[in-house]
Amino acid sequence: MHLPSYLTQSDAVKTRFDQLKSREVILEVKDLTKVYKTAKGETLALKNVNFKTHRREFVCVIGASGCGKSTLIRILAGLEPHTSGEVLLDNKPVKGPGRDRGMVFQGYTLFPWLSVRKNVMFGLQMNNIGREEAEREADLWLELVGLDKFAHAYPHELSGGMKQRVAIARALVNQPRILLMDEPFGALDAQTRAKMQAHLLEIWRNIDITILFITHDLDEAIYLADRILVLKAHPGEVQELIEVPVSRPRSAMQFNSPEFIATKARLEALIHPPKEHEETEIPIQQRMIRFVNVQDNVE
Amino acid sequence: MSMFSWFSGWFAVRQELTPNRKKVIGIASFLLPILVWCAISYVPFIWHPMVMIEEPGDVDYFQVDMLIDKNTFAEESANMRAAHKAIPQGYPANPIYLPAPHEVAKALYTAFVTPPAQQDGQWLHQSLWHSIQIIFWGFVISSLIGVPLGILSGTYTAISRLNEPFVEFFRYLPAPAFGALAVAILGIYDGPKIAVIVIGTFFQQVLVIANTTRKLDYSLLEAAMTLGTNKFKLLTHVVIPGILPDLYRDQRILLGWAWTYLIVSELIGTSSGITWFITQQARYQHFDNVYAAIFIIGFIGLGTDLILAQLGKRMFAWDKSANKES
Ligand SMILES: Nc1ncnc2c1ncn2[C@@H]1O[C@H](COP(=O)(O)OP(=O)(O)OP(=O)(O)O)[C@@H](O)[C@H]1O
Ligand SMILES: [Mg+2]
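Protein chains in written order, with our numbering: chain A, 1 to 299; chain B, 1001 to 1326.
Please note that the accuracy of each hint is not assured.
Selected chain A positions facing chain B (in silico; Cβ < 10 angstroms) [stated by the list, open to error]:
#: 1; residue: Ala77
#: 2; residue: Phe150
#: 3; residue: His156
In silico DMTMM-like links for lysine to aspartate or glutamate, alpha-carbon gap of 25 angstroms or less [what the hints assert, rightly or not]:
#: 4; chain 1: B; residue 1: Lys1231; chain 2: A; residue 2: Asp11
#: 5; chain 1: A; residue 1: Lys21; chain 2: A; residue 2: Asp11
#: 6; chain 1: B; residue 1: Lys1233; chain 2: A; residue 2: Asp11
#: 7; chain 1: A; residue 1: Lys37; chain 2: B; residue 2: Glu1222
#: 8; chain 1: A; residue 1: Lys118; chain 2: B; residue 2: Asp1246
#: 9; chain 1: B; residue 1: Lys1215; chain 2: A; residue 2: Asp100
#: 10; chain 1: B; residue 1: Lys1320; chain 2: A; residue 2: Asp11
#: 11; chain 1: A; residue 1: Lys40; chain 2: A; residue 2: Asp11
In case anyone wonders, no lab produced these hints; they're calculated from the structure. For clarity, every value in this text was computed on a predicted model and none was experimentally measured. Backbone N, C-alpha and C fix where the C-beta goes; we use that ideal spot for every residue, glycine too.
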């Protein structure tokens, strides 16, 4: 099959990107560097990372394991101090965690002692919003993520996908400027995962939120993102910022579209350079046949 | 059912037993020691190192209802037979310090209805009530300081560094060693007794609870921070509710710990409570009463723990690990 270049954009997509870039900048990362100092020595986890996200943009971050994706998002959330550079949210430097940046973690971090509804109310109550108003808001968001029937259930009664939906509602109820998600669907099975992706896009379409989403699933990144930030490992540097040429609204049908395949091919080339691939191939020796007892050959 | 599947039903590695099997085993754990005790008490040829004299014969120092060592009895019998005098009669018996189950069972009842021997003496239930109060106050005073200090130590490294080295050192000092000092400071009545229980419990409590607090999943705190929780509310709205079931379990264990200091503490100053009862009964060789009193302590301890466990299950329904337990 002849693939178009992943750089080629249809008119509709181009217009969309023009619009997107004309919107205000929500998050700006300037020359961000992070060095971990441990007893064993120093690890340069991030080196001179630069990028911007615009309002209502959906940005995915991908990269090989250990390239600093979690480090990046934790710095943005204010959970980890950075070594140098700047993180600006609405042009103001980020200092520590705050309700203007919501976060959804890969591990389930719902408060197990609170009901689903109280979990969602938590952020509001921490910010001194009255009980009644908090309840009203929480119910609204639970309805949006389709869990209004589970308002009084406890986290241990929910499936993984439901837990993450509550976590999304819990983060969004605070009306953050940006939603940070660190492999939120990483622990889910393939089917639930696909449903959650569609669900997240639906939520994102309906509300005014900017999303920064970490994943190492290339399909997930292309399916969700406007732009994909590709990180290179050791040290974590921005390798490329790809504008996804797949049109919106997205659907599962597009997985086989030429733009999708072209983008995926490009991402694969970036993340698994061919040279490295050969090295890591596991050599299987013919002699191993001796360990097989069955008479008929499986091939 | 084959032998093998029967066996693997009872002895599967780290598998839950069926509720019925659990019940059977739970009863067996009490039944087995009682059976051993019954065997020793009622089967004449098991142990029975003494002879209870029924008929002293011509042995001048033998009396009716006297317990005599088996060998001495045999010697004296032989002597009498050789001298053609009246041979003493008796039946095999256990030493006085091992009463039979039915005697202890009877004592469990009579100990409560027997008025105190002396005028100013106390009924058993009064002694017990006094002991329970000592435990209660010792545990409450220890917890009032120990629980908050433990939580703070587990939350803030500075606080833990400030107190834990000292606490670590102090917990190795035997609490009863402070008895004399406590009497000198607090007088001879309940003060020093409570103090010994506090000293015995407090230092363990701080360390155990600090440790429990540290085990709280840190990502819960991070999640709370990203939701705009300030430092103080992090403690009151995340750390404390998050560790509550484990804290409760720790407290149950520590309460058991406090019980073990009861007898020692009651010997300090003027002997009191159940310990006073036990020492009095032992002095008059009423060992059935001594056992009865010891069992009562056990019943109260186990009973309290079972009630607290059930209560905990009800209170912390959200805690999965608690629901699996027992
Ligand atoms: N707290 C820490 N102290 C020291 N080094 C750390 C710490 N956290 C991460 N690192 C190092 O920083 C690098 C980046 O880690 P990070 O967790 O950000 O990677 P990641 O891209 O999220 O990986 P994954 O895909 O496995 O989640 C790794 O080399 C890791 O060993
Ligand atoms: Mg990570």
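Restraint status (C-alpha distance of lysine 40(A) to aspartate 11(A) at most 25 angstroms): Given that 25 angstroms is the threshold and the Cα spacing comes to 53 angstroms, the pair is violated.
Discussion item. Just to be careful, I want the Cα atoms of lysine 1215(B) and aspartate 100(A) compared with a cutoff of 25 angstroms; is the pair within it?
Written reply: violated, 29 angstroms
* Asked: Is lysine 37(A) within 25 angstroms of glutamate 1222(B), Cα to Cα?
  -> It holds: about 21 angstroms lies between the C-alpha atoms, which stays within 25 angstroms.
- Task: Would you check the hint for lysine 1231(B) and aspartate 11(A), treating anything up to 25 angstroms between C-alpha atoms as holding?
- Result: violated, 50 angstroms
For the pair we were handed, lysine 1233(B) and aspartate 11(A), check the Cα-Cα distance against 25 angstroms. Distance of about 51 angstroms is beyond 25 angstroms: violated.
Quickly compare the C-alpha distance for lysine 1320(B) and aspartate 11(A) to 25 angstroms and report which way the hint goes.
violated, 54 angstroms
- request: For the pair supplied as a hint, lysine 118(A) and aspartate 1246(B), confirm whether the alpha-carbon distance does not exceed 25 angstroms.
  value: Cα-Cα ~21 angstroms, so holds.
Exercise. If you take the shortest Cβ to Cβ gap from phenylalanine 150(A) to chain B, is it below 10 angstroms?
Worked result: violated, 14 angstroms
- Message: alanine 77(A) was flagged as interface toward chain B. Is the shortest Cβ-Cβ separation under 10 angstroms?
- Response: Alanine 77(A) check passes; min Cβ-Cβ to chain B is 5 angstroms, inside 10 angstroms.
Holds or violated: lysine 21(A) with aspartate 11(A), Cα cutoff 25 angstroms?
holds, 15 angstroms
| query | Taking the least C-beta to C-beta distance, is histidine 156(A) closer than 10 angstroms to chain B? | reply | holds, 5 angstroms
In terms of the numbered hints stated before, the structure departs from hints 2, 4, 6, 9, 10, 11, listed from lowest to highest.
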